[in-house]
Amino acid sequence: MAYAEAAPSTGKTILTDSDVHRVIDRIAHQILEKTRGAADTVLLGIPTRGVPLAHRIAERIHAFEGIRVPVGSLDVTLYRDDLRSQAPRPLGPTQLPPGGVDGKRVILVDDVLFRGRTVRAALDALRDLGRPASVQLAVLVDRGHRELPIRADYVGKNLPTAVAEQVRVLVTEVDGVDAVVISRPAPAGAAGGDRQRREAR
Amino acid sequence: MTRHLLSAADLDAAEATALLDTAAELARLTAGREVKKLPTLRGRTVVNLFYEDSTRTRISFEAAAKRLSADVINFSARGSSVAKGEGLKDTALTLQAMGADAVVVRHSASGAAHRLAGWVDGSVINAGDGTHEHPTQALLDAYTMRARLGRIAGLKVAIVGDVLHSRVARSNVLLLHTLGAHVTLVAPPTLLPVGVDAWPATTSYDLDAVLPDCDVVMMLRVQRERMDDSFFPSTREYTRRYGLDTARARRLPEHAIVMHPGPMIRGMEIAPEVADSPRSTVTEQVANGVSVRMAVLYRLLGGA
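Line by line, the protein sequences give chains W and Z.
Following the working numbering, the numbering of the first sequence begins with 43 at its first residue and continues without gaps.
Following the working numbering, the numbering of the second sequence begins with 179 at its first residue and continues without gaps.
Quick caveat, the hints were computed from the structure, so don't treat them as lab data.
Heads up, a few of these hints could be off.
A partial selection of chain Z residues facing chain W, derived with a Cβ cut-off under 8 Å [claimed, not checked]:
{"#": "1", "residue": "A196"}
{"#": "2", "residue": "E203"}
{"#": "3", "residue": "L207"}
{"#": "4", "residue": "V213"}
{"#": "5", "residue": "T218"}
{"#": "6", "residue": "I237"}
{"#": "7", "residue": "F253"}
{"#": "8", "residue": "A255"}
{"#": "9", "residue": "G480"}
{"#": "10", "residue": "G481"}
Okay, the calculated beta carbon distance ranges per label pair [unchecked claim]:
{"#": "11", "chain 1": "W", "residue 1": "A206", "chain 2": "Z", "residue 2": "R181", "range": "28 to 38 Å"}
{"#": "12", "chain 1": "Z", "residue 1": "S259", "chain 2": "W", "residue 2": "P139", "range": "22 to 32 Å"}
{"#": "13", "chain 1": "W", "residue 1": "H187", "chain 2": "Z", "residue 2": "P441", "range": "52 to 62 Å"}
From the three backbone atoms N, C-alpha and C, an ideal C-beta is built for every residue, glycine too.
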C-alpha cells in the first residue's frame with residue numbers, strides 16, 4: 043500500500059540528518075515548555091511521515107523529562123476534499139492510544155505544512171473520534187502558501203518556497219535517511235505531477 | 179482496478195490484496211467509535227438495482243454506501259416499471275439520466291452486469307448475475323479467511339454443494355486462485371458445471387475424503403429456484419452424502435473453519451449444530467461484507 047516514491051536523489055538538501063535531529067529536539071522542548079510538562083497530551087501523527095515524527099518527538103520528551111506521552115496515528119485520506127482529483131489513495135492506519143482523545147490536548151504532527159488542507163481534514167477526522175480539550179499542530183517544515191486560516195504551534199523550519207517547488211521530508215523509518223530536500227519540479231508532463239499533488243496535502 | 183467490478187477475475191493479486199487491506203482499515207476505523215459515518219463519498223449517488231430477491235447483499239451495500247455518506251437509491255424490480263415490462267436497458271438509461279455514480283446490480287441473467295456496464299457512465303458493481311459471478315461475496319469470503327486464519331496463500335479450501343448454480347463458487351474459485359489458495363469443488367456429478375475442468379480448481383465427488391485435509395470448507399445452498407430438473411434423487415440422499423453434519427465436521431482439522439454465504443437451509447446442506455459452532459463464520463461473513471463493500475465503493479468512487 044505504499045505510494046510510488048520519486049527517487050530522493052535530485053534537489054537541494056535544506057536540512058541534513060543532524061539538522062533534523064536538532065529540530066525534533068527543539069520541538070520536543072517547545073512542547074514541554076508550552077504545555078507545562080505535557081500532561082494530558084496526546085501526539086497524533088498524520089501518515090505517512092507524521093507518524094514516525096510523532097514517535098520521535100515522544101521519545102525525545104521521554105529522554106528529556108522522563109514523561110511518556112501517548113502516541114497514535116490519524117489517517118485523513120477519507121476526509122480529504124481533493125479525493126476526486128486523482129486515483130483512489132490507499133488508506134493509512136488510524137490508531138488512537140488507549141486513553142482516546144476526549145478531554146486531552148491533542149498535538150497533530152505532520153511533515154510539511156503547505157496549503158493547510160491536510161490539517162483541515164485532520165480536524166474533521168478528529169471531530170468524529172472524540173472531543174479533545176484543545177488541538178495543536180507541530181510540523182517539521184512550514185513552506186507557506188496557505189489556502190485556509192491554519193497555522194502551526196510548533197514549526198521545525200520555516201522554508202520560503204515557490205508554489206511550483208517540491209519540498210520532501212525524508213525520515214529513516216520510511217526513506218532510510220533523515221533529510222529535508224527542496225527541488226524544482228520536473229518539466230511539465232513528467233512523473234513529478236503526482237508527487238506535486240502529494241505535497242499539496 | 180477498472181471502473182467496474184463485474185468479475186472476480188477483474189482483480190489481480192495486488193488489487194485484491196489492496197482491497198482487503200482497505201477493508202481491514204475501514205473495519206478498524208469504524209469499530210467502536212461514536213460516529214461511524216465517513217464523509218468520503220458525500221454527494222455521490224449509489225443505486226441498488228435488484229431484480230432478484232436479496233436480504234444481506236442489498237442491506238450490506240446500502241449500509242456500506244451510507245457509512246461513506248453516499249446517497250442511496252434502492253430499486254427493486256417489484257413495484258417498479260419493470261413489472262410493467264420495461265427492459266434492463268431502459269431502466270439503465272433512466273438511472274443514467276438521474277446521475278447515478280455507481281449501480282449495484284443483481285439480475286437473474288448471467289452477464290446482466292456486463293451489459294449494463296456498456297450502457298451507463300457510472301461504475302457498475304456486480305452483486306450477482308444469474309449463475310455467473312458474485313465478486314463482492316468472494317472478496318468478503320477471502321477477507322473472512324484471512325481474518326480467521328491469517329493468510330490466504332496456500333490454504334486448502336473445499337467448496338461443497340450446488341456448484342452448478344452458484345455464482346459464489348465461480349467467483350470464489352477465481353479470486354482464491356488469484357490469491358494462491360487451492361480450491362477443491364465437491365459436488366454430485368450432476369451439480370458440477372460443464373467445463374469445470376477448465377476452472378483453476380480440482381473436483382471431487384467424495385466429501386468425506388476431502389474434509390480431513392481442509393483449512394476451509396464452504397457450504398453452498400442447493401438453489402431449488404434455479405432447478406427445473408431433478409439433479410439428485412432426494413433431499414435426504416443429498417444431505418446424507420453432501421450435508422455437513424456433526425459427525426462430518428469432526429473429520430475436519432482442529433483449526434478449520436466452516437463458511438456459508440447464506441441463506442442457509444439448516445438440516446439440508448448444513449446441520450444446525452455445525453452452523454452455530456465456533457468454527458462457523460456465517461455471521462462474521464455478514465459483518466465483514468459491509469467493510470469489504472465499503473472498500474469496493476471507495477476504490478471505485480473515491481478517486482478521479
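For each hint, the structure was consulted:
| no. | hint | verdict |
| --- | --- | --- |
| 1 | A196 | 6 Å, holds |
| 2 | E203 | 4 Å, holds |
| 3 | L207 | 5 Å, holds |
| 4 | V213 | 4 Å, holds |
| 5 | T218 | 4 Å, holds |
| 6 | I237 | 22 Å, violated |
| 7 | F253 | 25 Å, violated |
| 8 | A255 | 31 Å, violated |
| 9 | G480 | 4 Å, holds |
| 10 | G481 | 4 Å, holds |
| 11 | A206(W) x R181(Z): 28 to 38 Å | 32 Å, holds |
| 12 | S259(Z) x P139(W): 22 to 32 Å | 54 Å, violated |
| 13 | H187(W) x P441(Z): 52 to 62 Å | 56 Å, holds |
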